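Got two chains here, each in a separate frame; can you build the complex from them with the hints?
Residue strings, one per chain:
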Amino acid sequence: MPRAGPSLPRLGVALGVLLFAALPLVLPTYQVSVATRILVFSLLAVSIDVLAGYTGRTPLGHGAIFGVSTYVTIYWVTVAGGSPWAGMALGVLAATGLAAVFALLAVRTSGVYFLLLTLALGMVVWGVCLRWSTVTGGENGLRGSVRPAALASQVSFYYAVLALVLAATFLVWRLVRSPFGLTLRGIRDSESRMRALGYNVPLHLFIAFTLSGMAAGVAGAAYALFNEFVSPTTVSLAQSVQGLLMAIVGGVGTLFGGFIGAAAIIVLENTVSFYTERWQTVMGLMFVLLMIFAPEGVIGRGLALLRRRR
Amino acid sequence: MEDCLVLDDVGVRFGGLKAVDGVSLRVPAGQRRAIIGPNGAGKTTLFNAVTGVVRATSGRVLLEGRDVTRLPVHARAHRGMGRTFQITNLFPRLTVIENMHLALRGLSPRRFALLGEDRLDAAERARVEAALGLSRLAGRLDREVRELSYGEQRQLEMAMALATEPRLLLLDEPAAGLSPVERAIVSDIIRALPRAMTVVLIEHDMDLVLSLVDWVTCLDNGRLLVEAAPDAIRGDARVQEVYLGKARHDA
Ligand SMILES: Nc1ncnc2c1ncn2[C@@H]1O[C@H](COP(=O)(O)OP(=O)(O)OP(=O)(O)O)[C@@H](O)[C@H]1O
Ligand SMILES: [Mg+2]
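Protein chains in written order, with the numbering used here: chain A, 1 to 310; chain B, 1 to 251.
One chain only, chain B, in its complex shape (with noise of 0.2 Å):
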């Protein structure tokens, strides 16, 4: 099967600190790839190399077999990548549509038409809906963002990147700080999504990831540790050391 996306020896410093250290990896087209590893581990940061919020500072990023090292953000969401943010990022003085809207538009000529009001066409209103519908957010429309709960926010942040229907979804700890329900609301999503869609997601919790997922990496310091599917990965003693002993000291 074709690579959605490949690492190869990808290296991002700040300063002294190698945030990302060497990480080389394969993603095939349609997986369901987990990402997991300690606080710090440079889960993020490796995301951020991937998407171009950071440059890496050595190795390439190959999207569906293209080169993408040096392209800028946007340029990366044009080519069929998708992200959200571990710490919500949203657009908190617009509406729930306004947020979707700007979704929407990103990747269409419509966000350069400068006189008239913003409609939705049958394809795109069907978009939005299946999006917030997916989210539970149907009947927030017209609410301010920063009105909502925490948890349509993090519902949202996932929705908008939905509603780009990218083929490389990157998710960044969706379930984060949510309840039990709303943390299987983000499975159900996640469940949901087309099979074509790859999908790589950072997840500290355990349970919701390996019964996700159909492959996992561990990075720890910044190195990639080990590669494994989802029930290799719990007896994995190199795993249990970095991730879950630590994870259980910090209980």
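Same shape as in the complex, but just chain A (with noise of 0.2 Å):
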């Protein structure tokens, strides 16, 4: 953009990364493991917060691309006997397989009729890991050591999926600032216009829910190595969901935000569980008040914030 981004948000995700960088060195072996999580559903935010932030579409179909990508993963190396890295890869290309067939499907929808389509094509995906048990394990899943050699240590975990999602998030970063990413914020804004201006809408958005689904397969081929396991959860709706509330949390349309929400989400999972087994009471209490109080979630009231004072 024309427009240099304050030097703060630059500042900010400079923190961000140094912080992650550390963590490691200061948390113990079971919470390093926690933030390993937190990065693995980042980057599934930032994915959803490509279609939901920047094309104006609310997917909730992303948590059955991200488990085909571990599913995939996983079968490949317990089943089929091939490398984690292959796997991935092929997690990666079914999950951009996936996701182009989800958009052809849900391109020309927006609104509440692109929520519930992106959600009828992800109960399907759900309903075929759950029935086709012959490969998929069905209810049982599939478990298995995917997790390569190199990679033992749950501290070297962390950081090769830091490496991971930081490059992932970066390039759909860059994605979203390039002249593509603003055509996204033109059709958010303006379908209309768009096509009076020349821009084909439908093809802008297919585009855009292919890469939005490749980088959520990476986020799922990163899954399958950190669980070790997968199943119909990991493919279910309560999956798009946890990614999109995380997207709203650190503010949707932020990109940078599916950190903090994802962060927070998970954390307050882990400490409120630990109380009371009605955590997710807690947790449905701490989004109301969220929704009410910055509906534009953490980043984006932060940047509200920040405009005001200039």
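Hints listed in this document are in silico derivations from the structure and should not be mistaken for laboratory results. Keep in mind it's a predicted model, so treat the numbers as computed, not measured. There may be inaccurate statements among the hints.
These stretches of chain A come out as covered by chain B in the derived footprint (C-beta under 8 Å, 3 or more residues) [as the list claims (entries may be wrong)]:
1. 163-177
2. 182-189
3. 196-202
Where is the CB? At the ideal position from N, CA and C, for every residue including glycine.
This is the structure we're talking about:
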């Protein structure tokens, strides 16, 4: 963009990266794994934000895209006996292909229709994973040691995931700031004007959806190595909803908000569930409070305050 | 002279309503044409049929001799059509310069560039500056469009259509709701358009219209009522009856 970003957000990103890089030095091993989970889901939230924040279309099927990548990666290693790297590549490929199919069906819709259509497509994937038990293991899912030997320790695995998630997020960030990314925000604001200016709106949405699915697939492949277990829960609606909530909590349309949202929700889940079994109720309440006092999300709120100060 | 736009018996139906009813007209290349008519006459719907926002339910639309009746909106833009909207249609959450970028990129392959920042080359910058200079928006580049005044938004509406350098420019009530000073700016902009550009203008303000155009088409109830030179149109009894007469009643 011609408008140079304010330096404070840049500082924030730099601090965030430093913080994530320093975490394993201060955290006990168990919590390093929590931090790894945060990174994986941050990328899922970032991928969702490409659609929710930039094209103005809220997807509820990204959990399925994410989880299919997890399934393919684990299947490739545990059943087909292939290498984890090839498994991840195949997982991302499968997620991208699935996203392209979702996109073909969904790009001509918007608003609640888009939401419901992506939700329905995600449910289909969930149903297939549940029923096609010869391949997916049905309800029992697939389990096995997937992580390459070089990444056996929690800390080295954490840094590998950090590198992967940062690289993917960097590419997505470049994408949303590119000329193509600007067309997505144009579509969000006025499709009819975009068409009149010569843009093939469904084509742009198709590309955005497919690339967003690819990013979700990268997260899903990392999740395969992290969790070493996959079941229909991974592709369920709850997964899509959680990813979306993370994007919303951080701030839709801010991209990096995904990291804040994922951290907030996962940390809360881990601390609250330690004290009470009703942690979902507590989460619900927190979400309601956030929507009342900062509907634009944590980063969205921060940016709004910053703008007012200038 | 070659015709830029030809409508051949174009009709648009909404259910039982014939919003446009068998309109045939020719606009020669380079002409300034006004389309007038009372509220609900079908002027905007006719624009929509020309640009593809609605499909003509009958008849044909020819642009520079080629049939575009079945083409989608964006493909017609690539054939050289540009338009403005009666109801301001901008990108409110983007800045003025971002709006201009989108206007410029619609016809350029750079719109698919996935990585990297958007930079204008010298020729593109000149186009933006020319379009914004005409519209008096040059000092507002980094403002979000929703923060602009209504008059400024209307000017941006024009500037964006100009930046695409269309061969056929369709202006739907560009001066609607503007102050007399702002109207003068709009008519200056239209007067300064390159002579090779064909311009079709919908406008209610007779003084503005008649000082700007070569030829006037009057619609009523979706039908073509009269076509005449601007001086003849004022005195035309049928036009006075449906248009000026009605306007007087409304006032
Ligand atoms: N999408 C639509 N669906 C149904 N009816 C429509 C639609 N668009 C326009 N109409 C109707 O078609 C008729 C012509 O409308 P149109 O907007 O073309 O008139 P206009 O000449 O532009 O009027 P104005 O001067 O008020 O802008 C009106 O009766 C209008 O209600
Ligand atoms: Mg109209």
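Comparing the hints with the structure gives:
no., hint, verdict
1, 163-177, "holds (count 4)"
2, 182-189, "holds (count 6)"
3, 196-202, "holds (count 6)"
Violated hints are absent here; each numbered hint is respected by the structure.
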